[in-house]
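Single-letter residue listing:
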Amino acid sequence: MKTLGRLTIVLLILSLTVSVIGAAQTTLRIGRASDIRGLNAMKIANNDSSQVTYQIHEGLVTMSPAQEMLPVLATSWELLDDDLTWRIYLRQGVTFHSGAAFTAADVKWNFDRQHDADDPGIAHGLLPDGVATVVDDYTIDITLDEPNGVFMNICAAPLFMIVEPARYEALGEDYGTNPSGTGPFKYNNWIPGERVILDKYDGYWGAGAEVDQVIFEVIPDPNARVIALENGEIDMAFAVAAEEMARLEAKADLQVYRTPSMRVIWVAMNTVHPMLTPNVRKALGHAIDKDVIMPVVGGNGVAATGIGMPTAFGFKPCDWEINLDLSRALLDADGWLVGSDGFRYKDGQKLTLECLARGSYVGEIEALEVIQILLLDIGVDFEIQKVTSTAWRDTLDGGAAAHEEDGTIPSYMLWTAASGIRTGEVGYILERPKTDQGSRNWGRYNNPEYDFAFELSQAPGTEEERLVGYYTMADLFHFDVLRIPIFVIQANVAASANVEGFVWNGNDSLNLRGVSND
Amino acid sequence: MLTYMIRRLFHALPVLLGALLISFLILHVTPGDPAQIYAGEEAKPEVIEAIRVQMGLDKPLPVQFLVYVKNVLSGDLGKSYYLQLDVVSLLAGALPLTAMLATISLVVTFFLGVPAGIIAAVYRNKWQDSLTRVLSLIGVSLPAFFGALLAILFFSRYLGWFPSFGATTWKHFVLPGISLGIYSTALVARLTRSSMLDCLQQDYVRTARSKGLLERVAIGKHALRNASIPIATIIGLQLGHLLGGSILTETVFSFPGIGRLMVQSIYAKDFPVVQGIILVIACTYVAANLITDLFYAILDPRIEY
Numbered sequence: 001m002k003t004l005g006r007l008t009i010v011l012l013i014l015s016l017t018v019s020v021i022g023a024a025q026t027t028l029r030i031g032r033a034s035d036i037r038g039l040n041a042m043k044i045a046n047n048d049s050s051q052v053t054y055q056i057h058e059g060l061v062t063m064s065p066a067q068e069m070l071p072v073l074a075t076s077w078e079l080l081d082d083d084l085t086w087r088i089y090l091r092q093g094v095t096f097h098s099g100a101a102f103t104a105a106d107v108k109w110n111f112d113r114q115h116d117a118d119d120p121g122i123a124h125g126l127l128p129d130g131v132a133t134v135v136d137d138y139t140i141d142i143t144l145d146e147p148n149g150v151f152m153n154i155c156a157a158p159l160f161m162i163v164e165p166a167r168y169e170a171l172g173e174d175y176g177t178n179p180s181g182t183g184p185f186k187y188n189n190w191i192p193g194e195r196v197i198l199d200k201y202d203g204y205w206g207a208g209a210e211v212d213q214v215i216f217e218v219i220p221d222p223n224a225r226v227i228a229l230e231n232g233e234i235d236m237a238f239a240v241a242a243e244e245m246a247r248l249e250a251k252a253d254l255q256v257y258r259t260p261s262m263r264v265i266w267v268a269m270n271t272v273h274p275m276l277t278p279n280v281r282k283a284l285g286h287a288i289d290k291d292v293i294m295p296v297v298g299g300n301g302v303a304a305t306g307i308g309m310p311t312a313f314g315f316k317p318c319d320w321e322i323n324l325d326l327s328r329a330l331l332d333a334d335g336w337l338v339g340s341d342g343f344r345y346k347d348g349q350k351l352t353l354e355c356l357a358r359g360s361y362v363g364e365i366e367a368l369e370v371i372q373i374l375l376l377d378i379g380v381d382f383e384i385q386k387v388t389s390t391a392w393r394d395t396l397d398g399g400a401a402a403h404e405e406d407g408t409i410p411s412y413m414l415w416t417a418a419s420g421i422r423t424g425e426v427g428y429i430l431e432r433p434k435t436d437q438g439s440r441n442w443g444r445y446n447n448p449e450y451d452f453a454f455e456l457s458q459a460p461g462t463e464e465e466r467l468v469g470y471y472t473m474a475d476l477f478h479f480d481v482l483r484i485p486i487f488v489i490q491a492n493v494a495a496s497a498n499v500e501g502f503v504w505n506g507n508d509s510l511n512l513r514g515v516s517n518d
Numbered sequence: 001m002l003t004y005m006i007r008r009l010f011h012a013l014p015v016l017l018g019a020l021l022i023s024f025l026i027l028h029v030t031p032g033d034p035a036q037i038y039a040g041e042e043a044k045p046e047v048i049e050a051i052r053v054q055m056g057l058d059k060p061l062p063v064q065f066l067v068y069v070k071n072v073l074s075g076d077l078g079k080s081y082y083l084q085l086d087v088v089s090l091l092a093g094a095l096p097l098t099a100m101l102a103t104i105s106l107v108v109t110f111f112l113g114v115p116a117g118i119i120a121a122v123y124r125n126k127w128q129d130s131l132t133r134v135l136s137l138i139g140v141s142l143p144a145f146f147g148a149l150l151a152i153l154f155f156s157r158y159l160g161w162f163p164s165f166g167a168t169t170w171k172h173f174v175l176p177g178i179s180l181g182i183y184s185t186a187l188v189a190r191l192t193r194s195s196m197l198d199c200l201q202q203d204y205v206r207t208a209r210s211k212g213l214l215e216r217v218a219i220g221k222h223a224l225r226n227a228s229i230p231i232a233t234i235i236g237l238q239l240g241h242l243l244g245g246s247i248l249t250e251t252v253f254s255f256p257g258i259g260r261l262m263v264q265s266i267y268a269k270d271f272p273v274v275q276g277i278i279l280v281i282a283c284t285y286v287a288a289n290l291i292t293d294l295f296y297a298i299l300d301p302r303i304e305y
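Residue numbers (the numbering used here), protein chains in the order written: chain E, 1 to 518; chain Y, 1 to 305.
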């Protein structure tokens, strides 16, 4: 009896131990600077929110880190002979987190909902207009109003993500409180300002989550974020300061990832401002030396040679040869002569170029300060005006709108901006200088050749044909100096050495499929 | 006393309304379009306009303000433009956390600052006084964010005693609470010293000592009581300051209180949340002032309401 009693106790302890071990779950804790704005993928797509909603929802296709298009909810697609209709074949056996099956009707609902006239979705500005028609449960035709050769690229941007129609119709604006997608993680909880918790979705159609839970922690201060990582309170830290990376890399229990993003910072020009004549703009291009700027930017970026990244389809360098003598000659030709103080004057007016800058990106202001010094060499007074995002936006929007309406020349001269590529092609960031962009065309560029080149780059056709359009735009960027690219922002991430399988995608679509933390 | 309280609360109404009006005007006059921020940089103008109508921003400013005040009076502080969550629920989540931080800071301030000031006054010009004055000078001079980072580095990173971010357990409140209280503690210590020095010179204290009372009775019962009115004033004012001054501390500690919520909302031009927080802070100041004034009557029997 005594032996039986002891055996029972041992067996009980063993079974408890096994159940505890079996119940132990793996968690990946990610520290980020900002919280999400919400989880309503139909209405919200800022980077911080997309990084989370992209774990819950999926699109038809996605871009790999090498910017190749990969099938996701769509397995294949073809452009029909009318050059307007994209026939998309959908993946079978996919379910939403509610258990409902994913079919072509869901894609149609999402496409139509994005284009709702009264309450358009977040992808409305990017997704071409058209009509979606269900062919069968796993085939859908999307007939566009105008030919568009990059429609599937647009679908790859983490903007057009498929939400479960029934859930969205039931919850409406509150969909974000209980989202349902087809992604490898499902929603658990969101404590605003603190964290978002996602659980592994066991019904995922593919090789999905390698961890049971992902927690996105909000840690605004970069130093605190690094300390939390070193303390073991989090497993990954995003947006690590560049100067910390070498120190963290040297630690045996940590690892770092340095990845150029798909986001370029540039100095853009108001091409109709009387002081920013073509000669002045070219003079700037030939004087802004990236080799001098980049040591100051440091590990926060890599020098940009064009509008976009070399890995993006359609990229062509549009940089200028550094030639200060040429810069000076161009300014002389325009009548800007050097005064006794070293600055250039014309008719008593000093050549002062004001640049609006938000300082939103690490290294941005530092780069501008170097540019300020570089331009002293050619007698240009480069003034940096640091403004809030809202003031920046208001000035540019207001000036462009006034010019659009009655031809009033906008008072702004230059500004810094950054844009990322989410479609794998540079077209995404080349659209603004088009004439039909109206008041969104802050540079006030008006060139039918550019407009035609853009349409050519987006039209259905061979890659060679579309590249003609892209390369023409790059040449015009170079010749007319619409923007001077400065640097590509580098994403600096640090993680515990236990984290495996993580690859940062330069287009900011965070993919945690296959990331483990043992 | 009750009549006095009611009268004071009645007088607070125009103060609160004024705070709301000023904050409303400032928010709407400063550059930035909440609809644009919400819609995102790539949104088309018609989408932004639709959002602007949804937010009620297309109405004239006086109408927007009157609608807002009417809703506030019925307990509805609106919906966050940025997060699309009820402002009341956002505040309900953030305010208790900041209130706890402020309470910890006040406790630290009272139990550290006041005794330090008393000791400095009693041991005037001795090492205790010098030490207190140096430490309080450091306390009022140390930038809040720097002190917070030092606290994280030392107590969290090197010693591992406390976590470095969040607000989940009691341990998460210790470092930010103490960091937030450093300035107040130093300020109260200096003021207490100054006030006590003044009282210790008075005839009644000399009389108390002459009567043979213990030194601690002469100081604690006679001098301190008379010195406490300005101390009570400063501590009362600190409550409002702690709520508003928690911004930097909460940011460094990633503490999800109203300070951090305020910063996020200002950047996002999230009017309803900013106005809601301003209303809360204004109410806190009003309440703190009222409580302080009532406390005077306890400290000084000559004061009656």
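Warning: the hint list may mix true and false statements.
Some chain E residues close to chain Y (C-beta under 7 angstroms, calculated; not the full set) [stated by the list, open to error]:
#1 Ala33
#2 Arg37
#3 Gly193
#4 Pro220
#5 Thr390
Hints in this document: simulated from the structure, not taken from any laboratory. Using N, Cα and C, we set each Cβ at its ideal position, and we do this for glycine too.
Consistency of the hints with the structure:
1. Nearest Cβ of chain Y to the Cβ of Ala33(E): about 10 angstroms, over the 7 angstroms cut. The hint is violated.
2. Interface hint status for Arg37(E): upheld, as the beta-carbon distance to the closest one in chain Y is roughly 6 angstroms, under 7 angstroms.
3. Hint status for Gly193(E) relative to chain Y: holds, with the closest Cβ pair at about 4 angstroms, below 7 angstroms.
4. A least Cβ separation of about 5 angstroms between Pro220(E) and chain Y falls short of the 7 angstroms threshold, and the interface hint therefore holds.
5. Nearest Cβ of chain Y to the Cβ of Thr390(E): about 2 angstroms, under the 7 angstroms cut. The hint holds.
Checked against the numbered hints listed earlier, the structure breaks hint 1 alone; every other hint is satisfied.
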